[in-house]
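> Now for the letters of each chain:
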Amino acid sequence: MKDHSAFIIQHLSLSMTEPLIYELSAPGRVGVSMPNPDVPMTELPSGLVRESLDLPEVSQLDVMRHFTHLSTMNFSIDANFYPLGSCTMKYNPRLNEETARFAGFSFSHPLQHEATVQGNLALMYQLQEWLKEIGGFAAVTLQPAAGAHGEFTGVLMMRAYHLDRGDIARRKVLIPNSAHGTNPATCSMAGLIVVELPSDDRGNVDLEALRKACGPDVVGIMITNPNTLGLFEEHIEEVTKLVHDCGGLVYGDGANMNAMIGVARPGDLGFDVMHYNLHKTFSTPHGGGGPGSGPVGVSEKLKDFLPAPLIDIVDEGDDEEPPMYGFVTPKKSIGRVKSFNGQFGMHVRAYTYIRVHGGSGLRENSEMAVLNANYLLAKLRGAYHVAYDRLCKHEFVLEGHWSDAPEVHALDISKRLLDFNIHPPTNYFPLIVKEALMIEPTETESKETLDRFADVMLTIAKEAHESPDVLKSAPHNTPVARMDEVRAAKELVLCCRPIPEWAE
Amino acid sequence: MSYVPHTDPDREAMLKTIGVKSVAELFADVPAKHRFPELDLPEPLSEPETWRELRDLSEANADASHNLSFLGAGAYHHFSPPLISQLLLRGEFLTAYTPYQPEASQGTLQVIYEYQSMICSLTGMDVANASHYDGATSLAEAAIMAFNHFKQKKTKVILSPAVHPHYRAVVRTYTQGMGMNIGGDDHLDRALKDLLPQLDNNTSLFVAQYPDFFGNIEDLKAIAHKVHEAGALFCVVTNPVSLGLLTPPGAFGADIVVGEGQPLGIPLSYGGPYLGFFATKKEYVRKMAGRLVGETVDANGKKGYVLTLATREQHIRREKATSNICTNQGLMAVAATIYLATLGKNGLRRVAELCYQRAHYAADQIDQIDGYAVNRSQTFFHEFVVKCPRSVEEINAKLFDDYGIIGGYDLGKEYPHLKDCMLVCVTEMNSREDIEELITALQEIKE
Numbered sequence: 000m001k002d003h004s005a006f007i008i009q010h011l012s013l014s015m016t017e018p019l020i021y022e023l024s025a026p027g028r029v030g031v032s033m034p035n036p037d038v039p040m041t042e043l044p045s046g047l048v049r050e051s052l053d054l055p056e057v058s059q060l061d062v063m064r065h066f067t068h069l070s071t072m073n074f075s076i077d078a079n080f081y082p083l084g085s086c087t088m089k090y091n092p093r094l095n096e097e098t099a100r101f102a103g104f105s106f107s108h109p110l111q112h113e114a115t116v117q118g119n120l121a122l123m124y125q126l127q128e129w130l131k132e133i134g135g136f137a138a139v140t141l142q143p144a145a146g147a148h149g150e151f152t153g154v155l156m157m158r159a160y161h162l163d164r165g166d167i168a169r170r171k172v173l174i175p176n177s178a179h180g181t182n183p184a185t186c187s188m189a190g191l192i193v194v195e196l197p198s199d200d201r202g203n204v205d206l207e208a209l210r211k212a213c214g215p216d217v218v219g220i221m222i223t224n225p226n227t228l229g230l231f232e233e234h235i236e237e238v239t240k241l242v243h244d245c246g247g248l249v250y251g252d253g254a255n256m257n258a259m260i261g262v263a264r265p266g267d268l269g270f271d272v273m274h275y276n277l278h279k280t281f282s283t284p285h286g287g288g289g290p291g292s293g294p295v296g297v298s299e300k301l302k303d304f305l306p307a308p309l310i311d312i313v314d315e316g317d318d319e320e321p322p323m324y325g326f327v328t329p330k331k332s333i334g335r336v337k338s339f340n341g342q343f344g345m346h347v348r349a350y351t352y353i354r355v356h357g358g359s360g361l362r363e364n365s366e367m368a369v370l371n372a373n374y375l376l377a378k379l380r381g382a383y384h385v386a387y388d389r390l391c392k393h394e395f396v397l398e399g400h401w402s403d404a405p406e407v408h409a410l411d412i413s414k415r416l417l418d419f420n421i422h423p424p425t426n427y428f429p430l431i432v433k434e435a436l437m438i439e440p441t442e443t444e445s446k447e448t449l450d451r452f453a454d455v456m457l458t459i460a461k462e463a464h465e466s467p468d469v470l471k472s473a474p475h476n477t478p479v480a481r482m483d484e485v486r487a488a489k490e491l492v493l494c495c496r497p498i499p500e501w502a503e
Numbered sequence: 000m001s002y003v004p005h006t007d008p009d010r011e012a013m014l015k016t017i018g019v020k021s022v023a024e025l026f027a028d029v030p031a032k033h034r035f036p037e038l039d040l041p042e043p044l045s046e047p048e049t050w051r052e053l054r055d056l057s058e059a060n061a062d063a064s065h066n067l068s069f070l071g072a073g074a075y076h077h078f079s080p081p082l083i084s085q086l087l088l089r090g091e092f093l094t095a096y097t098p099y100q101p102e103a104s105q106g107t108l109q110v111i112y113e114y115q116s117m118i119c120s121l122t123g124m125d126v127a128n129a130s131h132y133d134g135a136t137s138l139a140e141a142a143i144m145a146f147n148h149f150k151q152k153k154t155k156v157i158l159s160p161a162v163h164p165h166y167r168a169v170v171r172t173y174t175q176g177m178g179m180n181i182g183g184d185d186h187l188d189r190a191l192k193d194l195l196p197q198l199d200n201n202t203s204l205f206v207a208q209y210p211d212f213f214g215n216i217e218d219l220k221a222i223a224h225k226v227h228e229a230g231a232l233f234c235v236v237t238n239p240v241s242l243g244l245l246t247p248p249g250a251f252g253a254d255i256v257v258g259e260g261q262p263l264g265i266p267l268s269y270g271g272p273y274l275g276f277f278a279t280k281k282e283y284v285r286k287m288a289g290r291l292v293g294e295t296v297d298a299n300g301k302k303g304y305v306l307t308l309a310t311r312e313q314h315i316r317r318e319k320a321t322s323n324i325c326t327n328q329g330l331m332a333v334a335a336t337i338y339l340a341t342l343g344k345n346g347l348r349r350v351a352e353l354c355y356q357r358a359h360y361a362a363d364q365i366d367q368i369d370g371y372a373v374n375r376s377q378t379f380f381h382e383f384v385v386k387c388p389r390s391v392e393e394i395n396a397k398l399f400d401d402y403g404i405i406g407g408y409d410l411g412k413e414y415p416h417l418k419d420c421m422l423v424c425v426t427e428m429n430s431r432e433d434i435e436e437l438i439t440a441l442q443e444i445k446e
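Residue numbers (numbering that gives the first Met the number 0), protein chains in the order written: chain H, 0 to 503; chain B, 0 to 446.
If you are wondering where the hints come from, they were derived from the structure by calculation, not from laboratory data. Just so you know, even glycine gets a beta-carbon here, dropped at the ideal spot from N, CA and C. Hints may contain errors.
To be verified - Here are the simulated distance ranges between beta carbons:
| # | chain 1 | residue 1 | chain 2 | residue 2 | range |
| --- | --- | --- | --- | --- | --- |
| 1 | H | Gly190 | B | Asn200 | 15 to 25 angstroms |
| 2 | B | Ala12 | H | His112 | 50 to 60 angstroms |
| 3 | H | Thr41 | B | Gly230 | 18 to 28 angstroms |
| 4 | H | Thr328 | B | Glu11 | 48 to 58 angstroms |
| 5 | B | Thr154 | H | Thr41 | 40 to 50 angstroms |
| 6 | H | Lys240 | B | Lys15 | 44 to 54 angstroms |
| 7 | B | Asp218 | H | Gly214 | 34 to 44 angstroms |
| 8 | H | Val492 | B | Pro4 | 43 to 53 angstroms |
| 9 | H | Val469 | B | Lys301 | 14 to 24 angstroms |
| 10 | B | Thr16 | H | Pro197 | 30 to 40 angstroms |
| 11 | B | Phe78 | H | Pro467 | 51 to 61 angstroms |
| 12 | B | Pro4 | H | Asp454 | 14 to 24 angstroms |
| 13 | H | Glu299 | B | Arg51 | 43 to 53 angstroms |
| 14 | B | Lys301 | H | Asp166 | 21 to 31 angstroms |
As the list claims (entries may be wrong) - Listed below are several chain H residues computed to face chain B (Cβ distance under 10 angstroms; list not exhaustive):
| # | residue |
| --- | --- |
| 15 | Pro34 |
| 16 | Ser45 |
| 17 | Thr71 |
| 18 | Met88 |
| 19 | Gly180 |
| 20 | Thr185 |
| 21 | Leu268 |
| 22 | Gly286 |
| 23 | Gly287 |
| 24 | Gly325 |
| 25 | Val327 |
| 26 | Arg335 |
| 27 | Ser466 |
| 28 | Val469 |
| 29 | Ala487 |
Here chain H stands alone, though its shape is the one from the complex (with noise of 0.2 angstroms):
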């Protein structure tokens, strides 16, 4: 076994347990000073005014303590290999965080009037534009404030097209059995019915059963291109024209666009409507599970649909004046979908972030990001078994299990690999492989980072075949052991506060 220990480092949680912040509290603290009410003043509204507030009081320093210890207890990309399948956890440039904050960005009203806020509005329509390029669309809008947001916004703007053609019989969404879990609950939320279809045995769509799918009642397919087990679907072409020849459309599932800038365009293979992750790909930061964002590019067909309002320029200017911006609303449009503009601090972050690196280094990111998930396959292709195995794109799926090692599965993979200071892949997804661990490695970690997971990983395959309680009884040096996920659904302790006594 290598030594790991030039790169162990001690676990970095300074503390491994922290008090709530309510049992910091004590009467009379308060974090920050504010002003005199220096007015006349009026009498607080009778009958309306809360008796007790049950919030904590404590100093500015213990604040600032009680959540840098809570951090101390995460992963995290600047810290640690996050090599999550899907999630595309690559570094977050800061240059976005500063960007994100300047004043004239931070501190703008969304309903100021539109000649006090065009610096906004030419960055959302810039980076509508650039969106629009990079995926083949017609029309692109900003305002999905997540991916599954998108998905809902692109599901309903399909169902209304086809109601607006009068044909209301189209009720079905083909969805593969790979995708992510979001496609159909989309679905459900639309009011529309779900068909699986199956993956044929080199991971694509299969051809056969999509065929017999499509007719006249199917509102169109989901896909996820490259799919949910890293592979570019080799008859994508065949599969876009076949849901077109019914009269459906292609809906695109964008989560994996990290491997396809610059490679090839949605919209030139045939795609209708794709959501972006501009917290995956365009690298805006996950923050512990948000905020994200999922601009929707679409074709022409269904530029009229749009989520209103849509950014575009309103005055073209001429040689002394520059063009105006402003909202214009879509002719048929499916609605709002959020309040305000959507999530604009992560629009400044992604146009920074295209900004930076230009067309070619956009396209530089997919090739790398490609070239490391292949090397880690090769790498490890004889140590773990690969269901659909050739070459990948952005990610990969291994199984996490041995017939000639029965006790261990994906999670006890996973939970030692924490031991190794590196984040577990994604587990037990997509649930058409047995023990799944995706694995993405993104194009901003280097060789070296990939040769130690490489071997981190073989080390894992060799404990489990010879030691395999190492693995059940991981993680070792976390602030916490494994949980007992059954009694936190069964005792539901959701809340550190006393139930009022009105409530009672």
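Mind docking chain B on chain H? Use the hints.
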């Protein structure tokens, strides 16, 4: 500029291991005629040059740090204690993922647990989730939850017209494929009590806003009672800073409380990222959408936190999930938790009172200017309606061009019966001098 670390020797060695001659070979399965398109995108730009371009764009805006602002209408200019932004920049919060691996995410999990608890304290409810995208989508999820609670048999939702126009629009967009009947706001000038006759045994949800879109506050106990008598659920859309002062909706019978968490230390940022909070009663927890953090113990009996009741969510239940929501507003919930901890019980009350007092002072002063009339028919929190002597558009243009002041919201845009009416907002960020500047400007403008 690129963050890619690969050297030429790296690439060569890696290609050799893979067994291909070039990177292009890795893309052989992409249809040849669509492979490697020429994209009309700019050339790469260095970091300092990019910084400058973004800086120039940001300065092509007016903003509340450079201009006096009295604009509210659902997004508010409050003081964000600097430690919030500093803590949010810690890589362990900023660059962490969703806490699916609890052993690697106790920081995020405990913060969300504290957030859930504080939202419960503020709203007077039993349980809160880890967030929705914003107040509008939170309300949409409330409508869906009520619909599902009654097993999709009750299809009617009554929305008060005094609920934020964007929120009402989003509820309609969200539910367009669900066979629900969204109403209540067909007459935009209707008072809450005049909506009660619409309650029937086909009503799943009645929604009121508190303070409402016009800033008004009223006792909703009687409304809640009537809603419950009709067998429906009562949802209140609220402002979390106002709850530093006002009776919480849980105390007067709300079943669901939603709203916009942006006032809790989150920047205006031209509309996002914001924070949708959602709180409800214990009995509805399994129907609630969104992530939930619960307390438990680990294998050694040590207390810790995990995501729980995942069987409601998309990654487990797929088409049967309560919602498709995956990514939420995680880091914004962290911001709100830090804000509420820093201000605490006394500080939040103080901010709310400052807003209330200064807004009432401003209203009194504006009311005294000839030609302007403040609507005093109801008590208000920190926003009030002013009938102006000219169109709001003209007044705001003059306020901005001649005084650099960002004026209030033009209500006539969404509420025709409130033509020439401006919604003026005053927060703790508007000093007495600021208010007096506004008064002087309004005086001079009308002349």
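> Each of the hints needs a verdict: does it hold here or not?
Checked hints:
{"no.": "1", "hint": "H:Gly190 to B:Asn200: 15 to 25 angstroms", "in the structure": "23 angstroms, holds"}
{"no.": "2", "hint": "B:Ala12 to H:His112: 50 to 60 angstroms", "in the structure": "57 angstroms, holds"}
{"no.": "3", "hint": "H:Thr41 to B:Gly230: 18 to 28 angstroms", "in the structure": "40 angstroms, violated"}
{"no.": "4", "hint": "H:Thr328 to B:Glu11: 48 to 58 angstroms", "in the structure": "54 angstroms, holds"}
{"no.": "5", "hint": "B:Thr154 to H:Thr41: 40 to 50 angstroms", "in the structure": "44 angstroms, holds"}
{"no.": "6", "hint": "H:Lys240 to B:Lys15: 44 to 54 angstroms", "in the structure": "38 angstroms, violated"}
{"no.": "7", "hint": "B:Asp218 to H:Gly214: 34 to 44 angstroms", "in the structure": "57 angstroms, violated"}
{"no.": "8", "hint": "H:Val492 to B:Pro4: 43 to 53 angstroms", "in the structure": "44 angstroms, holds"}
{"no.": "9", "hint": "H:Val469 to B:Lys301: 14 to 24 angstroms", "in the structure": "20 angstroms, holds"}
{"no.": "10", "hint": "B:Thr16 to H:Pro197: 30 to 40 angstroms", "in the structure": "33 angstroms, holds"}
{"no.": "11", "hint": "B:Phe78 to H:Pro467: 51 to 61 angstroms", "in the structure": "55 angstroms, holds"}
{"no.": "12", "hint": "B:Pro4 to H:Asp454: 14 to 24 angstroms", "in the structure": "18 angstroms, holds"}
{"no.": "13", "hint": "H:Glu299 to B:Arg51: 43 to 53 angstroms", "in the structure": "37 angstroms, violated"}
{"no.": "14", "hint": "B:Lys301 to H:Asp166: 21 to 31 angstroms", "in the structure": "58 angstroms, violated"}
{"no.": "15", "hint": "Pro34", "in the structure": "7 angstroms, holds"}
{"no.": "16", "hint": "Ser45", "in the structure": "9 angstroms, holds"}
{"no.": "17", "hint": "Thr71", "in the structure": "6 angstroms, holds"}
{"no.": "18", "hint": "Met88", "in the structure": "7 angstroms, holds"}
{"no.": "19", "hint": "Gly180", "in the structure": "4 angstroms, holds"}
{"no.": "20", "hint": "Thr185", "in the structure": "4 angstroms, holds"}
{"no.": "21", "hint": "Leu268", "in the structure": "6 angstroms, holds"}
{"no.": "22", "hint": "Gly286", "in the structure": "3 angstroms, holds"}
{"no.": "23", "hint": "Gly287", "in the structure": "4 angstroms, holds"}
{"no.": "24", "hint": "Gly325", "in the structure": "14 angstroms, violated"}
{"no.": "25", "hint": "Val327", "in the structure": "16 angstroms, violated"}
{"no.": "26", "hint": "Arg335", "in the structure": "4 angstroms, holds"}
{"no.": "27", "hint": "Ser466", "in the structure": "19 angstroms, violated"}
{"no.": "28", "hint": "Val469", "in the structure": "15 angstroms, violated"}
{"no.": "29", "hint": "Ala487", "in the structure": "4 angstroms, holds"}
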